[in-house]
Amino acid sequence: MDNILRVESLRKNFGGVVALDGLTFEVQKGAIKSIIGPNGAGKTTLFNIISGMYRPSSGGVWFLGESITGSPPYVTAKRGISRTFQNLQLFANMTVRENVMVGRHCRTKTGFLRSALRLPGAAKEEKRTAAEAMDILRFVGLEESAQRGASTLPFGKQRVVEMARALATDPKLLLLDEPASGLNLRETEEIGRLIQKIRDTGKTIIVVEHDMSLVMAISEEVLVLDHGRRIAEGPPRSIQKHPEVLRVYLGEEIPHAQSPES
Amino acid sequence: MGKKNLFGLASLVVVLLVVPHLLGNPYYLGVLVWCGIYGLVCMGLSLFMGYCGQISLGHAGFCALGAYISGILTTRFGFSPWPALGVAMLASLLVAFVVGLPTLRLKGHYLAMATLGFGMIIFVAAGGDPFGLTGGPSGFWGIPKLSVFGVVLDSEVKWYYFVWAVVLVCLVALLNIVHSRVGRALRSIHGGEPAAKAMGVHTARYKTQTFLLSAALGSLAGSFYAHYVGFVNPHPFGLNFSIHLLTMVVVGGMTNLWGAIAGTALLTILTRYFRVFMDWGVFFDGFILVIIMLVFPEGLFVGAARRLGGFVSRKRSTGVPGQASRQAAGGG
Ligand SMILES: Nc1ncnc2c1ncn2[C@@H]1O[C@H](COP(=O)(O)OP(=O)(O)OP(=O)(O)O)[C@@H](O)[C@H]1O
Ligand SMILES: [Mg+2]
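If you read the sequences in order, they're chains W and S.
According to my numbering, the first sequence is numbered sequentially starting from 1.
According to my numbering, the second sequence is numbered sequentially starting from 263.
There's no promise every hint is true.
Now the stretches of chain W that chain S is said to cover, found in silico as 3 or more residues with beta-carbon under 8 Å [as the list claims (entries may be wrong)]: (1) 76 to 90; (2) 97 to 106; (3) 113 to 122; (4) 125 to 133.
Below 20 Å or equal to it, Euclidean Cα-Cα: the simulated EDC-like pairs (lysine to aspartate or glutamate) are [unchecked claim]: (5) W:Lys78 / S:Glu455; (6) W:Lys33 / W:Asp200; (7) S:Lys266 / W:Glu126.
Which residues of chain W face chain S? A few of them, derived with a C-beta cut under 10 Å, are [what the hints assert, rightly or not]: (8) Asn48; (9) Ser51; (10) Met53; (11) Pro72; (12) Pro73; (13) Lys109; (14) Thr169.
Keep in mind that the hints were calculated from the coordinates and are not lab data.
Glycine residues also receive a C-beta, built at the ideal position from the N, C-alpha and C atoms.
Full structure from sequences and hints, please.
Structure follows, in structure tokens:
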């Protein structure tokens with residue numbers, strides 16, 4: 001089988017809190033895989049470990065067959081993993097285009113000396129980076145807002161900028177942490193279409209999301225977490241009927257378009 | 263770097279060329295030499311604080327290292343000024359590396375604390391003179407004059423042109439850095455470290471490199487100081503001076519290199535022209551810091567432009583809110 005990511009027996013403790021408790025799963029190349037689960041299930045922690053923000057307490061992560069366990073973010077970014085954040089983390093001190101240009105950081109190389117002297121190579125790279133950022137903004141439909149301060153955009157568009165910035169790193173695997181949280185129905189549909197459009201360019205995407213209609217609409221596979229453990233995994237239809245999943249959600253309906261938290 | 267900066271540089275050059283002809287008294291020119299010397303440190307600090315979002319409370323220590331090492335090597339070990347300056351800079355880089363490396367990897371205010379400690383150690387060491395080199399609290403005289411391409415810098419006018427030429431070269435280099443991949447990386451650290459990391463920015467390395475750069479500029483300014491005055495003692499290099507440097511950067515608006523130069527010039531001219539500012543130095547620095555932080559967190563110039571812009575647009579009631587400030591802030 002052609003998996004791009006393999007997570008094995010992953011454990012993460014924060015003091016006494018067990019955020020991930022021996023989690024194992026795989027992600028197929030080119031798929032959209034959703035991860036759902038109640039608040040505190042460990043979804044964001046999982047992203048933090050895959051992207052190298054946290055080290056796991058034990059267990060490992062393999063990306064394209066190689067271990068990236070404990071690799072720092074500047075390494076995982078270069079390898080081809082990028083992410084967005086549950087609580088928006090745009091650079092408020094920059095324009096939209098500059099935000100996306102930062103995404104090109106791991107694919108460019110001008111350092112202090114070369115930029116200080118503005119060597120021809122540095123100027124050329126800078127031009128190319130700006131053009132690439134514009135291409136990506138065009139792809140996500142934000143070229144009009146390129147010169148605006150990132151924090152002046154409406155919230156929904158800021159979420160898209162974050163995705164554009166992540167795309168700018170040229171990732172093979174994109175981790176989206178609650179991309180629809182805080183969005184209205186129309187915006188949620190748009191972001192769903194954008195996620196599919198990104199996948200169609202050959203990227204693999206993992207989406208953490210509470211909005212079940214979005215999850216059902218876009219994912220090939222769903223992984224359900226609770227207390228840092230996998231309780232179900234499979235195609236969206238089967239997950240909806242899974243008894244364990246229904247139990248975790250307190251026997252209620254699977255929450256629909258839940259309001260954002262944090 | 264954009265048109266605005268080129269225009270700014272051209273204007274600065276014109277002003278620098280005209281000003282000496284308007285000032286009759288060499289003392290006034292001397293004030294501008296000080297503006298240039300302090301400006302060197304403050305540009306580096308601006309990069310470190312405003313772009314990288316870090317705080318140093320010890321940059322007086324790097325100035326002291328530059329001044330003392332230049333002074334000691336030239337007076338006691340027979341070095342010529344330029345090699346001595348080079349050694350001073352290397353030593354400062356080494357010290358900055360030792361202070362910065364462990365602390366810049368950590369979050370929060372470890373670096374502020376470490377630099378505070380470092381500044382105090384240097385100050386106390388200079389006064390205590392443990393190796394019989396610094397002349398203790400009274401310092402020592404006789405530091406030789408600097409010469410550039412065979413011209414001995416023996417007058418205010420010569421120092422004025424020399425120091426400001428160096429400032430201009432550094433300013434161009436730093437502006438280039440700011441408007442590049444590196445500058446964006448630095449600003450991304452200030453904008454949000456987790457996201458910067460996720461984009462592949464090696465945040466610890468960039469912080470360390472910027473700290474080293476600012477330390478080197480501090481050392482350079484210190485060496486110039488020693489050769490300009492011909493005398494060093496510990497007194498000017500205490501914590502007060504670190505705070506004064508910080509104040510100059512903050513007054514001008516720390517997220518802008520031009521602000522660092524303007525703030526330095528403003529405070530230096532005030533301090534040197536009006537004795538009260540000199541006598542009540544620490545008091546004024548504290549006072550100014552509080553006012554700036556509360557009223558003009560983006561610095562006096564941008565802040566005032568915003569106020570003015572807001573005022574004008576309210577009067578005309580046609581302005582787009584925030585328009586003026588965004589334009590004003592776009593200059594750096
Ligand atoms: N940095 C941290 N320090 C201490 N505890 C943490 C930290 N990060 C997460 N936790 C804890 O780990 C558990 C999992 O948190 P995590 O943020 O991964 O959940 P989540 O599934 O993303 O939840 P949500 O749906 O609310 O975003 C929680 O109990 C949380 O309190
Ligand atoms: Mg979360």
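Against the structure, the hints:
Interface restraint, the segment 76 to 90 of chain W with chain S: holds (7 residues with C-beta to C-beta distance below 8 Å; minimum three). Counting residues of the segment 97 to 106 of chain W whose CB lies closer than 8 Å to any CB of chain S gives 7, so the stated coverage by that chain holds, three being the minimum. With 5 residues carrying a beta carbon less than 8 Å from a beta carbon of chain S, the segment 113 to 122 of chain W meets the three-residue requirement, and the given coverage holds. Note: the segment 125 to 133 of chain W has 3 residues with beta-carbon separation from chain S under 8 Å; the three-residue rule is met and the coverage holds.
Taken as a hint, the Lys78 of chain W and Glu455 of chain S pair is honoured in the structure, with Cα atoms around 17 Å apart against an allowance of 20 Å. The suggested pairing of Lys33 of chain W with Asp200 of chain W holds, with an alpha-carbon distance near 14 Å, which does not exceed 20 Å. Between Lys266 of chain S and Glu126 of chain W the alpha-carbon distance is near 18 Å, which keeps this suggested pair within the 20 Å criterion. The beta carbon of Asn48 of chain W comes within 9 Å of a beta carbon in chain S, closer than 10 Å, and the hint placing it at the interface holds.
At a threshold of 10 Å, the smallest CB-CB gap from Ser51 of chain W to chain S is about 6 Å, leaving the interface hint in force. Contact between Met53 of chain W and chain S, as hinted, is supported at the beta carbon level, the nearest pair being about 7 Å apart and thus within 10 Å. Contact between Pro72 of chain W and chain S, as hinted, is supported at the beta carbon level, the nearest pair being about 8 Å apart and thus within 10 Å. Look at Pro73 of chain W: its Cβ gets to within about 4 Å of chain S, closer than 10 Å, so that hint holds up.
Because the closest C-beta pair between Lys109 of chain W and chain S is about 8 Å apart, less than 10 Å, the hint holds. Below 10 Å, beta-carbon pairs count as interface contacts, and Thr169 of chain W has one with chain S at about 6 Å; its hint therefore holds.
Comparing the model with each earlier hint shows no violations; every hint is respected.
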